[in-house]
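Residues per chain, in single letters:
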Amino acid sequence: MNLRRFLKLPPSPVENSLQARVFVFLGFVVASVAVAIYGQDYVVPAAGVVVAAIGHVVSYRGRNKRRRLAGQILVAGLVMAALAYFLADSVLAIFGGILPQANFAILYLAAVFAWDYPFGILVALWAICLAGFWMTSHLRRIDAKVAGPIRPLALALAGALALGVIAFVFIPQPTALSPTPLVVSLPSFTSFQGEMENPALPLVQISGDPSGATNSIDLRFRGRLGDAPVMYVRTGAPAYWRGLVFDTYQGGQWTASNRSFVTFQPYIQPRSLPPAPKHNLGTFAQVFRVVRTLPGVISAAYPIQSLYAPVSALRRDAYGTFRTPDVLRPGQTYSVVSYLPNLSPQELQSDPLLPGNPENNPEYLNAQNLSPRAHQLAAHAVAGHTDTEFDQVMALTTYLQTNFRYSLQLGQAPPGLDPVDWFLFDAKIGYCEQFATAETLMLRSLGIPARLATGYSTGDYNPVLNESIVREHDAHAWVEVWFSGHGWVPVDPSPGFAALAATQFPNRWAAAGLASLIPHLSIGAPLAALGSLGILAAIPPAVAIALLVVVVWAWFRTRRWGRGVRAAPGESELLRLYENVQRRLKRRRAPPETPLEYQRAARGGPIEPLLDELTEAVNQGAYAGRWPGSERVRELEKRLR
Amino acid sequence: MSSADREPVLVPRRAAELLARIEENVHRVIVGKDKVVRLAATGLVAGGHVLLQDLPGTGKTLLARALATSVGGAFRRIQCTPDLLPSDITGSSVFNQKDLTFQFIPGPVFANIVLADEVNRATPRTQSALLEAMGEGQVTVEGVTRPLERPFFVVATQNPTEFHGTYPLPESQLDRFILAAEMGPPTDDEAMEVLARREHGDPIADLRAVVSLAEVIELQDACLKVVAAPAIRTYIVSLLHAIRLRQEVLLPASMRSGVYLQRAAQAWALFEGRDFVLPDDIKLLALPVLSHRLGMRGRFKAADVVEEVVASLPLPPLRQH
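Chains as they are written, first to last, in this note's numbering: chain P, 1 to 641; chain U, 1001 to 1321.
Bear in mind the hints are in silico, worked out from the structure with no lab data behind them.
Here the structure is a predicted model, which is why all the values come from computation and not from measurement.
One or more of the hints may lead you astray.
[Said to hold, decoys possible] To spell it out: a stretch of chain U is covered by chain P in this simulated footprint if at least three of its residues, at any positions, have a beta carbon under 8 Å from a beta carbon of chain P; those stretches are:
#, stretch
1, 1221-1235
2, 1275-1289
3, 1302-1313
[Claimed, not checked] To give an idea of the interface, some chain U residues facing chain P are shown, with a C-beta separation under 10 Å as derived from the structure:
#, residue
4, P1316
5, P1317
6, L1318
7, R1319
[Claimed, not checked] Estimated spans, in silico, between C-beta atoms of each pair:
#, chain 1, residue 1, chain 2, residue 2, range
8, P, R603, U, H1241, 31 to 37 Å
9, P, V58, U, D1221, 40 to 46 Å
10, U, R1028, P, Q620, 32 to 38 Å
11, U, T1140, P, P149, 40 to 46 Å
12, U, P1124, P, P149, 35 to 41 Å
13, U, E1199, P, R626, 49 to 55 Å
Glycine is no exception: its CB is placed at the ideal position from the N, C-alpha and C atoms.
Starting from the given sequences, assemble the full structure and let the hints guide the process.
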């Protein structure tokens, strides 16, 4: 106290606004949630929230109490320690790549660029808390009444909703994809939510080599697949994300016959890879962000033009699939540019079926493990459609799609019976793997080279955001058929999927065109990376402009033009005290009520003499311009206690 | 720095004391009616004119006389009748045969306090003769303008119930009165007190002046020095505006009524020893100052509208900066 007087420091104002304190606390809670989600630590954030809550309550209750020297030193010490920790952490973190002092725009861009929407939401919430604290605290202090322009705000909101609905209705959705432009993907903390059990997919069997990539797929073995996202994909076109490919089927198990590898640098330039296929329509980029531990397989749209993955080295197996040395960990990203060949039915119709093994691999035509009745079934299915290879493939695919049922509830194949045979003639229901296996073998029996491809289907694709969320249950298996003029063509016999699973550029003609105006992503170009945000890039400036408008508007509201007078020293204090007394009396002064009328109405309370003096002081101030000095107000305040 | 150093203005405390003296003196004759008495005195201090309206025999004339006597100065009474001529009020020139000149004989309006009794019985022409005197503080007779002596205070009375053979005051003339007050019926106690006082004579005969004319002028000057804060002005303007917005009101309150309201409130503040106006003053004076000049639709009563508006109109914020 004396020191303050000696230094002529102004008394720090007491933060009386409960809302402002609530905003501060909520900001802390948001930060704690962020730590809990990203730090994977629940105990420390929870304890922090509890301690902060207690601290806030104590601080609010004792805000008008005079602190003793020891208490003051304690609080100041805590504040200084926190500040010192923050500064030290910032300085040390410059070289560690984490920059707490980076501004929110960069943080936001980083979050959005990484498709980490929960983090983007957390940042936005945090900013809202910050702005809320600033607004309520400041407005409270200057005693301003804020009445928002309700009608314009409501109109803007209604207009935005209407526009959103119209956009939702008119933006074309790619076929065979669920029309869900709004995909809320919250982190899934439970172990299993889905119902599908699938044996074959790399996600489940993290075994085999150190990368976790499996060597085989067993149709009799079953894994579990949930709803949790495994990766976010920003992509120029919705495609199947192909992983491992298998060519040999024996006794219900798929394996790859060729185990040879070619090693590459992490960045594979286009010239290191096969040239563009014939009838190439263009290229499109994909950036994958892994959110769950995945086997070291680069899932991407094939054929690949170029590839970058932040790993020590890449290996390409004999089937064109790239693999990483280690498992893909949450947070890892890799970028792929893929060709988009023209695989339309008209194109494929013209391909003749040539005899011989593609790529000199006899396994592609090996149908020995298919029972004779299955051979007959294949011949029966394509009967009447034997003009071209494409016709046969489509006939068989349609046959499987229409005559067999897709179900996730699948019983166990009886021992001793081939799972494909059991599927085709006994169960007649199955999931992607049964369909794909059956189709592959039946095509081979017809003399058409085919192989089994696994990976993920497109996932929840959002054409506006150019983004796809791939979940565990999007794991998929399909068939790749050899066409002499076009190479391996994806075909999907599972009911509910497009038979010809070739990638197509999304048909953008409405609002999605907005996104395509912005240059597309290419690897390593920051501007293009910004462009890949699409219309999301407009959000930070929009938020900034909105905040600016609100601030300017509040400033205009609270400022008196042309006067240039500042409040008399005792004015704010006196009026705040007057408010406090009203609160204490549990009766607010009605708007038409004069201070004298209020005094008469509130007469009889324990603080009557104080109220009389206060009313006189308020009248003198408000109507004679004679505001009391701060000392006098403090004296009255003391008597209130 | 303050104006008190430059010229001798009544400090509010002394003004309050003077006014208390007047009130006390009037109350020797008038029993009760504190508010009406104070309103009448407010009219005097504010430099305006007062209209008293009520039934006959409620003490209107008595109040005017008591007030005039308390103040000292010349007091004249005009009993208005239909055959009263303007020159009967203002005075006229008479040929003096001794020195062969026209000599101006001042009428009753040349006084400090004028009681215009039953003012609505005079013809409009005569009424309007009063108008210039009340409005301008001067009288023009035969082309010569003669100023009236300060203070000049007109108390007019009228009987609001009897309209036979009357000429109701036009709005323009009603607007000249700073306030209109009603005496109201006495309570039983007051009536008994009145009878008791009259048992052995009329107390008004013993009434003496307690305040000099100079002191009245001092009071009027002090009234002008009373502070009406910006918030008060805001309040008055919003009050007039709110009344104007009412559906029942045909003829809204004029700007002059706002000026009068502020002036009356300044005078009222002096009675309580204040040198600033409170919103309470405005609330209290809104009815007597405003209600008589509002033109109403149909059968609506101006007093009701004013009371409703005053009760519901929010005060301007206490914060000034």
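Against the structure, the hints:
1. 1221-1235: Answer holds; 4 residues pass the 8 Å Cβ test.
2. 1275-1289: Since three or more residues must qualify, the claim that chain P covers the stretch 1275-1289 of chain U holds, with 7 doing so at under 8 Å.
3. 1302-1313: holds (count 4)
4. P1316: Holds, about 9 Å.
5. P1317: holds (8 Å)
6. L1318: With Cβ-Cβ at 4 Å, under 10 Å, it holds.
7. R1319: Since chain P brings a Cβ to about 6 Å from R1319 of chain U, closer than 10 Å, the hint holds.
8. P:R603 / U:H1241: 31 to 37 Å: For R603 of chain P and H1241 of chain U the Cβ distance comes to about 32 Å; the hint holds.
9. P:V58 / U:D1221: 40 to 46 Å: Given range 40 to 46 Å: violated, Cβ gap about 60 Å.
10. U:R1028 / P:Q620: 32 to 38 Å: Holds: the Cβ-Cβ distance is about 35 Å, inside 32 to 38 Å.
11. U:T1140 / P:P149: 40 to 46 Å: violated (57 Å)
12. U:P1124 / P:P149: 35 to 41 Å: At roughly 54 Å between Cβ atoms, P149 of chain P and P1124 of chain U fall outside 35 to 41 Å, so the hint is violated.
13. U:E1199 / P:R626: 49 to 55 Å: holds (51 Å)
Checked against the numbered hints given earlier, the structure breaks hints 9, 11, 12 and satisfies all the rest.
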